[in-house]
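Enquirer: Sequence:
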Amino acid sequence: MRREKHSKPQVVGCFILLLVMRAFVGGDSEARGNLEPPSVIFGVNTHSDSPNYLDVPMEVQLDLMRELGVQWIRWDWTETALEGRLPFYDRWVAAAAKRGIRLAPVLGPNKAYNLCLKEPTATLEEIEKAGFEFARRTAAHFKGKVTYWELGNEYGSDLMLRKGDVIPEGRGSPHKVWQWDAPDGSCTWHYRDEMIRRASAIFRGMLRGIREADPKAKTIINEGYLHYGFLDRITQEGIHFDILAWHWYSDMGEDLRAVRMPEDESRKGNTAASFDLITRLRKYGKPVWFNEINRRAGDMGGREAEQAEYLKKALSQLAHAKGVSGFFVYELLDELMGPENPESHYGLLRRKQDTGGKWSIVERKPAFFAFKEALKNLRHVKRQGEGLK
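Numbering of the sequence shown is given in this note's numbering, commencing with residue 1 and proceeding in unit increments.
Source of the hints: derived by calculation from the structure; they are not laboratory data.
Just so you know, even glycine gets a beta-carbon here, dropped at the ideal spot from N, CA and C.
Heads up, a few of these hints could be off.
Quick list of simulated restraints, FRET-style, between CB atoms [unchecked claim]:
#1 K118 x K145: 29 to 35 Å
#2 A81 x K143: 17 to 23 Å
#3 G100 x R257: 32 to 38 Å
#4 Q236 x H175: 18 to 24 Å
#5 D193 x R257: 31 to 37 Å
#6 S274 x R99: 39 to 45 Å
#7 V93 x G164: 45 to 51 Å
#8 D90 x E119: 29 to 35 Å
#9 E67 x P215: 34 to 40 Å
Derived PhoX-like pairs (lysine-lysine); straight-line CA-CA distance at most 25 Å [what the hints assert, rightly or not]:
#10 K129 x K218
#11 K376 x K98
#12 K376 x K322
#13 K111 x K143
#14 K163 x K118
#15 K322 x K218
#16 K372 x K352
#17 K98 x K218
#18 K376 x K312
#19 K216 x K145
#20 K322 x K312
#21 K322 x K372
#22 K313 x K372
#23 K129 x K216
#24 K376 x K313
#25 K98 x K372
#26 K216 x K143
#27 K129 x K143
#28 K372 x K312
#29 K145 x K98
#30 K98 x K143
#31 K111 x K218
#32 K283 x K218
#33 K163 x K176
#34 K322 x K283
#35 K218 x K145
#36 K216 x K98
#37 K129 x K111
#38 K129 x K118
#39 K218 x K143
Please take these sequences and the hints and turn them into a complete structure.
Expert: Quick look at the structure:
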């Protein structure tokens with residue numbers, strides 16, 4: 001969930017985007033049913049099991065969330081981190097529940113993902129089994145206490161074409177060989193077929209594991225920027241989930257109703273098109289959560305006012321967008337990675353190290369108050385349709 005993984009790509013849009021969008025989100029889109037739960041939910045990202053957060057007591061973090069007015073927490077629960085530390089996570093779930101706060105953990109299946117990316121001889125069956133066992137074990141332990149599970153984080157970024165890759169015929173690509181840096185992810189052919197199949201095995205195993213352990217639990221799959229080509233591709237592989245989560249930062253475009261495709265040499269002279277991202281995401285027929293959003297690099301470089309203004313504007317835009325039912329800011333606290341690292345500036349709260357080497361919360365940033373006020377003003381926003389259970 002570290003942000004620089006999902007920086008804005010430098011190259012390629014899909015020259016057939018407008019034709020694809022007409023096919024997927026045409027006039028019959030409203031007939032797919034009402035997607036909205038009864039109210040917009042608000043949450044915050046944390047890394048509450050990492051050294052960057054552990055010196056801030058759990059109760060303090062939860063009290064800050066209550067002060068903000070959020071009712072959901074999102075953070076990575078990796079297979080490695082969970083091993084031998086389940087009591088730590090149990091305490092968090094129980095303490096959050098007492099404050100009316102729910103968790104939507106991001107499951108990180110370390111073994112399955114390593115098999116997918118680093119073990120080319122691993123079979124699809126082995127990858128699926130690893131994902132299944134981790135997800136089933138975790139969902140069974142937290143059954144009835146955690147009912148929303150996010151499966152992995154931004155997998156599409158690791159599966160894209162690399163410079164020199166040959167693109168199979170019949171995939172709709174105007175190129176035979178990829179000659180540039182990372183694609184923008186908007187087309188199905190922007191991803192390596194074999195890696196998509198391997199990643200789909202992870203999803204298939206995790207989905208099966210969660211449904212076996214807790215049939216009532218909801219599943220979430222995420223991506224961001226223009227990576228809906230990844231979602232199209234895994235859908236073709238038969239991956240079915242409950243909620244679509246999206247990640248968006250200010251450098252990707254400030255108006256989600258008029259996102260511009262990047263212009264670059266790989267597009268063969270096609271003019272960059274502008275399109276409505278919300279409409280594009282609604283075509284999957286699922287509730288949409290924007291579960292990572294912030295100004296790129298937060299308040300880095302003294303941009304406190306800009307961070308606050310971006311969050312206020314983005315929250316207002318998303319909370320009133322049809323089909324969007326969740327909004328999670330990235331993130332609660334500044335992380336401790338040095339002043340030149342953007343991760344040290346995304347937080348709503350600034351931190352400082354005392355003479356004894358301990359880090360403490362110093363002050364609430366303008367973004368904290370902007371986020372809090374925006375939530376208060378938008379709490380009345382209601383949706384119709386199936387509610388969150």
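Enquirer: Next, verify each hint and record whether it holds.
Expert: Going down the list of hints, with the structure as the test:
Hint check: K118 to K145, Cβ distance near 33 Å, so the stated range 29 to 35 Å holds. For A81 and K143, the Cβ-Cβ distance of about 20 Å falls inside the hinted range of 17 to 23 Å, so the restraint holds. Between G100 and R257 the CB atoms are about 33 Å apart, so this pair conforms to the stated range of 32 to 38 Å. A C-beta distance of roughly 21 Å is found between Q236 and H175, which places it inside the suggested range of 18 to 24 Å.
Distance hint check for D193 and R257: the Cβ-Cβ separation is about 33 Å, which falls inside the suggested range of 31 to 37 Å. Look at S274 against R99: about 42 Å separates their beta carbons, and that is inside 39 to 45 Å. Separation of V93 from G164 is about 47 Å and conforms to the stated range, judged on CB atoms against 45 to 51 Å. The hint said 29 to 35 Å for the Cβ distance between D90 and E119, and at roughly 32 Å that hint holds.
The hinted range of 34 to 40 Å is satisfied by E67 and P215, whose Cβ atoms lie roughly 36 Å apart. For the hint pairing K129 with K218, the CA-to-CA distance comes to about 20 Å; that is within 25 Å, so the pair holds. This hinted pair checks out: K376 and K98 have alpha carbons roughly 21 Å apart, not beyond 25 Å. The straight-line distance between the Cα atoms of K376 and K322 is roughly 20 Å, inside the 25 Å bound, and the hint therefore holds.
At most 25 Å may separate the alpha-carbon atoms for a hinted pair to count; K111 and K143 meet this at roughly 22 Å. Our distance criterion of 25 Å between C-alpha atoms is met by K163 and K118, whose separation comes to about 19 Å. Note on K322 and K218: the hinted pairing holds, with a Cα-Cα distance of about 21 Å set against a maximum of 25 Å. Between the alpha carbons of K372 and K352 the distance comes to roughly 22 Å, so the proposed pair stays at or under 25 Å and holds.
At most 25 Å may separate the alpha-carbon atoms for a hinted pair to count; K98 and K218 meet this at roughly 22 Å. Between K376 and K312 the alpha-carbon distance is near 11 Å, which keeps this suggested pair within the 25 Å criterion. Pair hint K216 plus K145 holds up; C-alpha atoms about 12 Å apart against a cutoff of 25 Å. Distance hint between K322 and K312 is fulfilled; the C-alpha atoms sit about 18 Å from each other, no more than 25 Å.
For a cut-off of 25 Å, the pair hint linking K322 to K372 stands: about 22 Å separates their Cα positions. Distance restraint check for K313 and K372: the Cα-Cα separation of roughly 13 Å lies within the 25 Å cut-off, and the hinted pair is therefore satisfied. A threshold of 25 Å between alpha carbons decides the hint, and for K129 with K216 the separation of about 21 Å falls inside it, so the pair holds. A threshold of 25 Å between alpha carbons decides the hint, and for K376 with K313 the separation of about 14 Å falls inside it, so the pair holds.
At roughly 21 Å between alpha-carbon atoms, K98 and K372 fall within 25 Å of each other, so this suggested pair holds. Under the criterion of a C-alpha separation no larger than 25 Å, the hint pairing K216 with K143 is consistent with the structure, at around 9 Å. With a C-alpha separation of about 20 Å, the suggested pairing of K129 with K143 holds against the 25 Å cut-off. Using a Cα cut-off of 25 Å, the hinted pair K372 and K312 holds, with the two alpha carbons roughly 9 Å apart.
Proposed proximity of K145 and K98 is supported: the alpha carbons are some 12 Å apart, at most 25 Å. Between K98 and K143, the direct Cα distance comes to roughly 17 Å. Compliance with the 25 Å bound is thereby established for this hinted pair. Distance check on the hinted pair: K111 and K218 sit about 23 Å apart at the alpha-carbon level, within 25 Å; holds. For the suggested pair K283 and K218, the alpha carbons sit about 19 Å apart, so the restraint of at most 25 Å is met.
Pair hint K163 plus K176 holds up; C-alpha atoms about 12 Å apart against a cutoff of 25 Å. Distance restraint check for K322 and K283: the Cα-Cα separation of roughly 12 Å lies within the 25 Å cut-off, and the hinted pair is therefore satisfied. A hinted pair counts as satisfied when its Cα atoms are at most 25 Å apart, and K218 with K145 qualifies at roughly 12 Å. Under the criterion of a C-alpha separation no larger than 25 Å, the hint pairing K216 with K98 is consistent with the structure, at around 22 Å.
Taking the CA atoms of K129 and K111, the gap is about 10 Å. The hint holds against a cut of 25 Å. Taken as a hint, the K129 and K118 pair is honoured in the structure, with Cα atoms around 16 Å apart against an allowance of 25 Å. Distance hint between K218 and K143 is fulfilled; the C-alpha atoms sit about 12 Å from each other, no more than 25 Å.
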